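Enquirer: As a plain string of letters, each chain reads:
Protein chains: 2
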Amino acid sequence: MTRDTLNVDVVIVGAGPAGLMAGTWMAQTGVTAIIIDQKPHRTQSGHADGIESRTFEILDSFGVGDNVWKNANPTIDLSIWNHQKSGGIKRGDLLNNCNPGLSRFQEATLGQGQIEQNFLDFIDSFESVSVKWNTCPTNLTIFESSEYPVQLMIQTRNSGMKEHINSTIRAKYLVGCDGAHSWVRDTLGLSLEGDRMNEHWGVFDSIPLTDFPDIRKRCIIKANAGHLMIIPREKRLVRCYVQLLPEVAAALKVKLDPETLVNIVREILSPFSFEASSLEWASIYSVAQKLCPRFSKYNRVFLAGDAIHTHSPKAGQGMNVSIQDTYNLGWKLASVIKGKARPMILRTYQEERLLIAMRLLAFDKRMVEGICGKESDSSMKGLTSISDSLRNTLQEENTSSSGLTARYGPSCLVTPACESERRRLAGPLLPHSRAELAGNMAIGVRFNNAQVLLQCDSKPYNLQQVLRSTGEWRLLVFGGDISNSAQMKRVQQLGLKLVEEGSIFCKTDPNSADRVGEIEAFLIHCAPRKDVEFMKLPEVFRPFDETMGYDYWRVFADNDPYGEGRGNAHRLYGIGTEGCVVLVRPDQHVAFIGALEDLSAIELFLLNIMTGL
Amino acid sequence: MTRDTLNVDVVIVGAGPAGLMAGTWMAQTGVTAIIIDQKPHRTQSGHADGIESRTFEILDSFGVGDNVWKNANPTIDLSIWNHQKSGGIKRGDLLNNCNPGLSRFQEATLGQGQIEQNFLDFIDSFESVSVKWNTCPTNLTIFESSEYPVQLMIQTRNSGMKEHINSTIRAKYLVGCDGAHSWVRDTLGLSLEGDRMNEHWGVFDSIPLTDFPDIRKRCIIKANAGHLMIIPREKRLVRCYVQLLPEVAAALKVKLDPETLVNIVREILSPFSFEASSLEWASIYSVAQKLCPRFSKYNRVFLAGDAIHTHSPKAGQGMNVSIQDTYNLGWKLASVIKGKARPMILRTYQEERLLIAMRLLAFDKRMVEGICGKESDSSMKGLTSISDSLRNTLQEENTSSSGLTARYGPSCLVTPACESERRRLAGPLLPHSRAELAGNMAIGVRFNNAQVLLQCDSKPYNLQQVLRSTGEWRLLVFGGDISNSAQMKRVQQLGLKLVEEGSIFCKTDPNSADRVGEIEAFLIHCAPRKDVEFMKLPEVFRPFDETMGYDYWRVFADNDPYGEGRGNAHRLYGIGTEGCVVLVRPDQHVAFIGALEDLSAIELFLLNIMTGL
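Line by line, the protein sequences give chains A and B. Quick note: the first sequence, position 356, residue 356 per our numbering, numbers continuous. Quick note: the second sequence, position 346, residue 1346 per our numbering, numbers continuous.
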């Protein structure tokens, strides 16, 4: 070892959204990490800008969602315009751009640089993670028998100096988030596979001066002069994506003249006027739908984001899927590094995310075809102005594609939904869920939000907010109607079992500062809250600390805020008055659903993946 | 003039909530001000902690509400406990502590020091206002003929040094927010008048270790051993107010022993256990309900907060009424200093706030009597556990007392509600409102919030959020159903009148950085938003700027977010499909309600108070 060698748990290559999300997990869980990036600083303008509801939920789970949400511009309307025979363009459909109720957030736009800044601010508030700009990797070697098997040589350009500084990072794991031209991927001998479509687009951000009336709505415009997508942004910015003829694209590749793009937009929007004021970013690109079929090697090096999937920016998914990749990976890495989980759980990263990436590419293909395909003339009455296919595709954008309803299949981290699903799985016969106990909750899907009230003071509470991203698992006990004494007895018995000597839950420490791999229990009941006495509830739901008193923030009443009747959470999840238990992973995905008596199944499931219990 | 003389527009004595609110207005409007305080720094612990909904609205109007709201603890339940004949205490009523719908915020608690810090952070982000700690006033002289008539001698203690530094501040106005023992008030020869009740209380903040089940609810407990009020706070803190016997109070005045207070609380809560962990503040006080009948002198020096009214902390109103005092005064001072309004408007400060202070004292008296008076034994069936009088008082706490429904009477800043009310007023015959056009809106009361949608992109918007505290007046044009062509014509004509040469609205500059005294116009219509074309609306509601494009943020559709029908704003305000215009003061209070054709009445009203138009 020389002076120039640094040992860390994780080295992350690339400080874009995927790399910073990985770094955020490491910071939050106290894992040491270094993020390197060849750029001198974060993204300054342009690039990605769409933020899906699921991404907001993820940001919120680290406490960095507020600021992003406050500055972002929600896109609520989607306006479709078509050419008309008589010339010019005409508004066809005006659709909702989101499905209310699927999330407490909705799709919004904010420049990638600002998202990155939020991650950087978060990371900066912890000591375990640092970012090294102006730095690129030069050599990667894996020594499996070492404590730090990953050896990455790096080169840092010093600002103002011509020479480079070479040094070495030794790490337990490497995460390659270095984009479509990933050095890490290439070095592993992997590559992106797939098609480059013959589609060329230009994009620019500006403050538009226009009398086009829908300029603050998301628009898809299909004019004879070409296709245009309008994405209203934060402040007064608007992004225009405009389709280019191959020869125009070729010329712009030689010399990017934003005015050419502005002129095409003006032509498409005609007879409406259009000028671009404060033009702050412009670029051109060709649509390539490509996938790297392997996301990891040696169970030591993992790829994420554009390094494993590239596609068009049509649906604003890029930044989201990339963030969601490392959101899936980060807690698993932390759990293994902290000795809380077996390394085999890392294999679920590819199992879970490859399917998502494949679906994304198929979805993107339909999206590109829907937007670029010719539609019927909107001036012809009796015909819808967009195809059913595009309409369905747009609908999908707001559900599975955005991550809201994305389902991770059965694995060591997600129980099968029923006995027959379990039989189809290879490996040891682990427990299956009793999915029917929460009929509207899907195993493997992220836990949807419902509003409940804190039992202690009736404060409204988003249940998703107890699922903060700390590396902890949560056992959500839906107690049902505990004003019924038989039901209350079941909850009491469950409470006793949880604190029994030798119980897996008992081995966790509610007051430990290191939360990775711990299990927190919460109770949500649907009895009228005035009929429930806090002090008569099982102690596991109200742990006592000698200096901090009781923990009053683990019991919730599923009641109306100002009434006394039942609230909506049990109904939303399809849970009856007999209740159920739901085990939620550290990334908010549902791992198991069972009856109040099914604790042993949960133990079996957790013992299979956890170490040190 | 010596080197030690500083000229500012406003000198503020006292950096508590009232003084900092005044300083916040000055910072926001670009008026130069200095705030002096004899303390070495802001409040560190204890003191006031109740924040009413109206105060949140005010903080939010400066953009500092989010942070306070996020950290505060909403008090939703109010639990009443009484002694029972068989010994111990028993829960009587469990009431709602707020009226949902009256505000988008609700009552919450947060330590005074944190509120002050939010104000200080805001002020710190501007250059025109500074805070000078360790500084007290020593002499006050008024020279009416000078440009800076107020001469205040001050003395600053340098930290670490024994000697004092004397200097002089010359200002146009002085605001005395220096508390119950106000030096400014005494120097003006004014005094607090009223009674000291024979009520003595102790108060402390701690993390309670207790099995008392309602510890996280606001409680009023009437035990044989004494009376106790419990106020749950941010984090795990809880405040206890406990009634003291005169002899106990006298002893504690000599030497404040918090353990004595804790013991009394333990006795009152018996048979429940009680220990105070992390006791962070304790104090004792006697209830004194006093009022200074004059709030200003020479129309140059103004008093606010505890300097003019003291009362019990029972209803958590102190900090709120103090903040609301200077919220009322600040924009008036800024308007006069900037030459936008005649100095006579300053006289409305006392007219408007004296009545509020008198009501507060009467309310506080009922509150103290209700809480300290004996109630019937709650174990006797058929009797309510609290008196109707206390119940009514608690109800009032959430409406007029909190500022939500406080009404400022007719004056040069509030039009009379009808012709007969106008006749009763002295002075020139200025216009009166047509209150019936907005049947549920009260003239002189703060403009209540309703949610509408931005016309341009359907984004949900709290109408109150357009009423930011910038010193601007707002003309809210409720256009009614403009899908009706006759109604649209009325709105068009109003739009033309607003931009007519010589119109009072035309004399204001939408792009001027200095917003004090400007008038902003907004349109809220209740036609289905898809039937309304933005570009066909009057230009005054969509001003165009050559580099920033159209202003899309002045037109709102009163629609359901995901439907197309009418929303709730027109209904909430009692406005029909024929619409009306509402003129709102810079402090969000309604000044005038009229028909779409009543512009000349508004002009007459404004010309009477404004200068330079």
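If you're looking for bench data, these hints aren't it; they were derived computationally from the structure. If you're wondering where the values come from, they're calculated on a predicted model, not measured in any experiment. Any given hint could be a false lead.
Label pairs and their calculated CB-CB ranges [unchecked claim]:
| hint | chain 1 | residue 1 | chain 2 | residue 2 | range |
| --- | --- | --- | --- | --- | --- |
| 1 | A | Glu127 | B | Asp1124 | 48 to 56 Å |
| 2 | A | Leu425 | B | Met1548 | 39 to 47 Å |
| 3 | A | Arg157 | B | Asp1124 | 31 to 39 Å |
| 4 | B | Lys1489 | A | Gly87 | 24 to 32 Å |
Note that the Cβ used here is the ideal one computed from N, Cα and C, for glycine as well.
Enquirer: Are the hints correct? Go through all of them and say.
Expert: Verification of the supplied hints:
Checked against the hint of 48 to 56 Å, the pair glutamate 127 of chain A and aspartate 1124 of chain B fails, with Cβ atoms roughly 27 Å apart. Checked against the hint of 39 to 47 Å, the C-beta distance between leucine 425 of chain A and methionine 1548 of chain B comes to roughly 59 Å, which is inconsistent with it. Checked against the hint of 31 to 39 Å, the pair arginine 157 of chain A and aspartate 1124 of chain B passes, with Cβ atoms roughly 38 Å apart. At roughly 31 Å, the beta carbons of lysine 1489 of chain B and glycine 87 of chain A sit within the given window of 24 to 32 Å.
Checked against the numbered hints above, the structure breaks hints 1 and 2 and satisfies the rest.
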